[in-house]
Amino acid sequence: MAISTNIWIWIAALLTLAIYSFLYKDNPFYKFAEYLLVGISIGYGISVYWHNTIITKVFNPLVYDKNFLVLIPLILGLLMFSRFFKNVAYLSRIPIAFVVGAGTGLSVPSSFEFLFKQIYATMPLKLDVGSLIIVVGVISTLVYFFFSLEHKGFVGKVSKVGITFIMVAFGAAFGYTIMARVSLFIGRIQFLLSDWLGIIK
Amino acid sequence: MKFINFINNLDKRWIYLVLALCIIIPFIFPVGFPMKTTPPVKSIYDFIEDSIPEGGVVLIGADYDPSTMAELHPMAKVIAAHALSNNLRVLFVTLYPQGAGMAQDAIDNVLREWNKSNPDNPKKLGKDITLLAYVPGVSAVVLKMGEDITQTFNEDGYGNKLSELEIMNGIKNYKDINLMVELAGSSVVLTWLIYANGRYGLKMGIGTTAVSAAEYYSYLQSKQAIGMLGGLKGAAEYEHLLGKKNVYGGRKDASIGMDAQSSAHIFFIILIILGNIAYFVKKKKEGK
Amino acid sequence: MFVRRTLPLLVSAIFGVALILQFFVPHPASKNFYNMMLDWLIIVSAFTYLIAVQSTVELHVTKIKRKVEGWQYSIIVLVSLFVTAALGIFGGAFMPTTLWMKIFPSVKPSDTTPLMYTYLYMQMPMQSTIFSLLAFYMASAAFRSFRARSFDATLLLITAGIVTLGRVPLGEFIYKGLPDVVEWILKYPNMAAQRGILIGVQLGIIATSIKIILGIERKYLGGGK
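Protein chains in written order, with our numbering: chain C, 1 to 201; chain A, 1 to 288; chain G, 1 to 225.
Chain C on its own, in the form it takes in the complex:
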């Protein structure tokens, strides 16, 4: 393998290095890349919205399939733009109220269902060390986060057990986080060494 001759790979590599230059110190190359990223990612988002949503879900159904039911949510959606005009800005509350209200209505029964599944899974089906750890851990963690009760006496002791479990969980999450951050850097090095410089396969 040899160094890339693809101009796009070079652009990608130079932008990558521009961002890493920040590790030495802040500089205009980094700033340039940072702002370029903001612009490009929004521009990309608009394009995907345009082709996949506006054309597919609004324009085609309305123009080709003559599905006029689309008009109601379309008007609701357009009302959101009223927020840019001071005297009618309050109209934008209606579509927001619809999205929030309908969204919550959809979520309540399913969230209960989900909660029951988690609680049910906590019930010990057989008596072994694992099930015991799970029951004690879940309950004591809940007690630790239950601030309406003063953490004194028995409650205090249980919440102490709770914090021990929480520390183990945070430790595990922390160990995993190290792994995650390192992986992100590995991904970039792989690109630079392989796709750009061609040092490795």
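Please keep in mind that the hints were generated in silico from the structure rather than gathered at the bench.
Don't take every hint at face value.
Now the in silico label distances, taken between C-beta atoms and shown as ranges [unchecked claim]: (1) G/Ile158 x A/Thr37: 20 to 28 Å; (2) G/Phe82 x A/Lys36: 45 to 53 Å; (3) C/Leu71 x G/Thr62: 28 to 36 Å; (4) A/Arg251 x C/Leu14: 17 to 25 Å.
Ideal placement from N, C-alpha and C gives every residue a C-beta, glycine not left out.
Based on the hints, put chains A and G in the right spot on chain C.
Using the frame of chain C, we list chains A and G on its own:
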């Protein structure tokens, strides 16, 4: 004491440099430590390998963006390749615009690599694999798919009508999907579990960033998810399993990073130990 | 007053309650209503993104107008935003548009779109690199801040050490049983605490949802009269 002062006054850029070397050197001089497969990874692999009949459908949720692609992109590619190798159909879906680009890149990559290594069993976009159009609404999209997938999206990501695509033959809703593997590093995993798995009984596996992996063990124990790929290591384990089948020639993005991952982890542990030594020595000295 | 305050609250209460009830009513009419609501939600949501875009554009336009320090960078944002959006809208998202193929007759439907070039070779490398900087910050923090100051902190650090080592092949090479130890920690003590937190959070979400439907929680409507 000199050493302790040195540690306390060290410019952090030296740490940055050593970390970079810890990762670059293993790429150039690889060791290739063997690795075990963990049960959560194996159960997703086994399900795709043994429990889905030919022509079955795997749905892959690409709900990630370039910020976590180092961990999740290898998963998308290897799972899609695995499904293709068993002649299953692969549908990519995303709830975020940024995920559409990721999915498109994964599909492009897998199709190219697959057709290169298997010219006698070529796979086609729109027949064996495709990307559903990005549609906003997150939970509304997940729920609507449970009623009617074609009506949810109308088209694929490339502007073809879903009702005319060969890949959609016999697929109406979640009942016709054999497994979904959701790839994400955010709470959107919960959205899929609550609505698709909870309300419609969709069988699910999770592929997530290492940051979220510890959290998602709750869903494994409750059997809401059949398995999980956690971080780059999870992806590497999967690549290792598929590698044994010897059917796919694509680059093993995750596996070749494992040596670098090992050396960087050792460096982190050394940093924590050194930092603590400096702290305790200083504390002892001040206590005197 | 009615349109400003009462109507939005009524809208959210009516649709909220209706969709909760719908869950328990298997009648076809209820199913049709549910399907229609999902379609509406999808289309209305489409506009929320455009609102966010509008706010960003406005922010940078103001910066340029007022010549705030570093305003030149705002020009980069606006130019790259409009160029990318134009390329995407006229050139196609994942497949070249017919218009694009007419302008450039050599372009085939299977070709990569101009938008995907900006995504693959500009956005992807930059965004993933910015996030990979976290590896360096974390290394520096590991050295300076992660101290075993108390029993709890020590426990956290020891668990972190075991997981960090046990999740890579080298850890397995050092001690063969390490991956199993890690798996046990994750499956039992870790899982128990994670579930405790999860149950707490879910209860909170359900409580807030009910408050929204009842009109007690109104923050989402924003301030003002």
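Hints and how they fare:
Range check, G/Ile158 to A/Thr37: Cβ separation about 26 Å, and the 20 to 28 Å hint holds. Evaluation of the 45 to 53 Å hint for G/Phe82 and A/Lys36 yields a pass: the beta carbon distance comes to about 52 Å. The given range of 28 to 36 Å is respected by C/Leu71 and G/Thr62, whose C-beta atoms sit roughly 35 Å from each other. Taking the beta carbon of each, A/Arg251 and C/Leu14 are about 23 Å apart, inside 17 to 25 Å as hinted.
Comparing the model with each numbered hint stated earlier shows that all of them hold.
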